[in-house]
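Colleague: With the hints as constraints, model all of the structure from the sequences given.
Each chain, written out:
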Amino acid sequence: MSDIGAEPGAADGASVAAIGTEYKFGFHEPEKHTFRTKVGLSRHVVEEISEQKNEPPWMRDYRLRALDIFLKKPMPNWGGELANIDFEGITYYLRPTDQQYNTWDMVPEEIKRTYDKLGIPEDERKFLGGVGAQYDSEVVYHNLKSKWEALGVIFTSPEEAVLHHPDLVKEYFGTIIPAADNKFAALNGAVWSGGSFIYVPKGVKVDIPLQAYFRINAKNMGQFERTLIIVDEGAFVHYVEGCTAPVYSSDSLHSAVVEIIVKAGARCRYTTIQNWSTNVYNLVTKRAVAYRDATMEWVDGNLGSKLTMKYPAVFMMEPGARGEILSMAFAGKGQHQDAGAKVVHCAPHTSSVITSKSVCRNGGRTSYRGLCKVMPGAEDCKSRVVCDALLLDDKSRSDTYPYIEVETEKVTVEHEASVSKISEEQLFYLMSRGLTEDEAAKMIVTGFIEPLIKQLPMEYAVEMNRLIELEMEGTVG
Amino acid sequence: MLSTESSTAPLTSEGVTAWSAAAGEPSFLTERRLQALAQYLATPMPGRRDETWRRVDLGGLNIDAAAVRAPAEGLVELSPPSAEARARGVFWGTPAEAAKAVPDVLQRHWATEVFPAGAALEVGDGRKFRALNQALWDCGYVCHVPRGVEVELPARAEFRTRPGEDGIFPHNLVVLDEGASATVIESYVSHTAGKGLCCPQTEVLLGVGARLRYILLQATGPEVVHIGAHRAHQYADSRLTLASAHLGSRLEKSFLGTRLLAPRARANLSGLYCGTGAQKLHLDTLQHHVAPECASDLLYKGALGGHARGVYRGMIHLEPGAQKTDAYQRNRALLLSDAARIDSIPGLEILANDVRCSHGATAGQVDPEMMFYLMSRGLPRLEARRMIIDGFLDEVLRRFALEAVIAPLRELVDGKLGHETGAASAAAA
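If you read the sequences in order, they're chains A and B. Our numbering numbers the first residue of the first sequence as 1 and each following residue consecutively. Our numbering numbers the first residue of the second sequence as 1001 and each following residue consecutively.
Just so you know, the hints here were simulated from the structure itself, not pulled from any lab data. Just so it is clear, CB atoms sit at the ideal spot from N, CA and C, and this is done for glycine as well. Just to be clear, a hint being listed does not mean it is correct.
[Claimed, not checked] In silico lysine-lysine, BS3-like type, Cα no more than 25 Å apart, as pairs:
| hint | chain 1 | residue 1 | chain 2 | residue 2 |
| --- | --- | --- | --- | --- |
| 1 | A | Lys395 | B | Lys1324 |
| 2 | A | Lys306 | A | Lys73 |
| 3 | A | Lys410 | B | Lys1416 |
| 4 | B | Lys1324 | A | Lys421 |
[To be verified] Reference listing, derived: stretches of chain A covered by chain B, where coverage requires no fewer than 3 residues with Cβ under 8 Å from a Cβ of chain B:
| hint | segment |
| --- | --- |
| 5 | 393-401 |
| 6 | 405-417 |
Modeller: Encoded structure:
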């Protein structure tokens, strides 16, 4: 395991030892804020957030109810190690700039620099359906091609939606994931800020992915975005988010809530590439309901964070609904990816597929945690769950915790999981054809997660492959 | 045998000490009872926030009340030890007899290694019930086979639950020394209507190269609550073949498992569970790989009719260093009625990388295509259905290996499910 860095096609001249210890997106800009709440959580902080956003009383009341629930709920006693989260040491809201900008030129220079470093070039606008980029708590840049606007597609921040589309928000907000769902959903309900609001009208098919890039810049900043997507009958949308945060010595908290409604005959795909720095607690609740003949697809890639606990869910409410979840996790040193998926068959003639691929190395831990539930009377359901885990060394750990609950007779539910290492034969085969051990290992890992990469939009697939290559540097030996 | 009057033994150290003294137990047994009692008193009843017990409806089970009946005759019947085996140094008898005949075996292994008395309880364990058994055990068997001795005849122990609401707490110990081999058949039945607790615990120690066939039958009465723990510790090159059947009780929660502590130990665990009526059967299995180059293979199959609920929780846990492990875990459940329910939670925790571990779980109905095939060949619906269910269970039934066990077991299962399939078909027609 010596001169890999000098091999052609390996890391960009950087020393091998440094890679993996340095977080690629670990830069941060000096903080400039127009407003921030006091550190810690209180009724006053929640009221201030609501006031800053000029919210109507119904939303403020919702926040306060959620706060009460948060304070009452015990911490989860399963999943990852949560004891070190200091809720009183977190800033729950800050606002970097005074208004939203609708052209790139108006975005302040240091924020632009951040995005440039992340590799979101200015000209991406040309081929992206719309970019909503979130910098700390507010959406600072927003652009949606006028074509979609003309068709009635709404792609905005949830704050804007509360003010300008209150009927839609009132109808759906908090109905899929009520504040009482879990402690972190309650926390999000109290202090949510930013996120995306998408409405796709009946029959409209948005054929270019809508994208948002989330990023935590301020130190000790909690980020609590709230996303609500409504795909009306027969419509289609693909939403993509990527998340990156700079490295700070103290731990940050990201606790998002994503609610999705896929109406009859509609299809929604939601793709996440999570690459938070390794001091972020990423505790996210994501859930979709799919109605008659609707399809919901989650593509969930987890590379970053210290601890992720995230189980995207599909509730199949009416016959013909389908849920598909592709989950990929990569855990390195000090990381625990407790990721998975939930499918709940509430109606007959529904089907679901969960595919999970995880890789852990250098003391990392990946856990697949999933639920497949078939409710009473949900006849003729089919569900298949396949989990594969790859362990790259003897310091790492892989867990599989699938929960299968079947309450009706006429169903087919299958679960399979396997855990293995990179096989000697595969390595030998590739090395006998002239690849170094490192290159061969990289190639095998890339092949292992290929089914997921294939599902990503091209630019994300490229980024994902690059990230995995970086993660894989110096793995073997 | 313990011979106290059937008086009540209070759940206090004085009560347990007096009871142990009256039975003439050696002091180390009294001490272990007291350690376990302290543990029992310090352990809360398992509840909703305890993942292992979350799905178990203990229904306000009053174990303090169930626990206090003193020893009585007739709780267990042991097959007579063969003269030949005895001549070769094999011990087979009650714990009281063992305390006289093989005190060293008892002192070394009784509640010290597999389930050490007073030790902090682990998650996924029997929790409070494990300690309760060790404090209050009132019957049991001890099987010790010395080095190199192979016992041909199976040793049988049949435990009978008590009448009324009284509990029974069998504690068993199997010790096979290096290269020894034996077959033990342990069964739980009810000869009287009782709705008490049946709370057994079996500790198995397999020395280097030892081989044990261990057959476990749970066929207690329909009102009994059965909460058991059965675990083996396996040393190098040892081989455990466990086959268990879970048919009886109103509510069962059984922990079955093995720890593979030294290289090349092998375990084959299999079993079946059949629930009908409103039965609730919970099985927790553990394949704990501590040493390298071990193998374990598990297959549990369940058939559930009526309003029965089955909960299977399995765990393959590999410690760091358990390299070259081969571990498999399969759970298949057949639902025979629309109101039956199965939860299957097969888990893997892998802390070594050079391994092959996999698990699979399926749940479903009697395959309609198979039904169609059989009926198109002229079989009536009921018969076709029964044939498919028989075929489904046959794979595990065969793993009981002994014809003397398989035939009566098949009859028990048929009796149970035959009624169920008939009822289900009648309802469907």
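Colleague: For the segment 393-401 of chain A, do at least 3 residues have a Cβ located nearer than 8 Å to some Cβ of chain B?
Modeller: With 9 residues closer than 8 Å to chain B, the segment 393-401 of chain A meets the three-residue bar; holds.
Colleague: Sort out whether Lys421 of chain A lies within 25 Å of Lys1324 of chain B, counting only the CA atoms.
Modeller: 11 Å, holds
Colleague: Hinted pair, alpha-carbon criterion (25 Å max): Lys395 of chain A, Lys1324 of chain B. Please report holds or violated.
Modeller: With a Cα-Cα distance of about 15 Å, the restraint between Lys395 of chain A and Lys1324 of chain B holds, given a limit of 25 Å.
Colleague: For the segment 405-417 of chain A, do at least 3 residues have a Cβ located nearer than 8 Å to some Cβ of chain B?
Modeller: That given contact holds, which follows from 13 residues of the segment 405-417 of chain A lying within Cβ reach (below 8 Å) of chain B.
Colleague: Between the alpha carbons of Lys306 of chain A and Lys73 of chain A, is the straight-line distance 25 Å or under?
Modeller: 23 Å, holds
Colleague: Regarding the pair Lys410 of chain A and Lys1416 of chain B, is the alpha-carbon distance no greater than 25 Å?
Modeller: The hint holds at about 21 Å.
In this structure, every one of the numbered hints holds.
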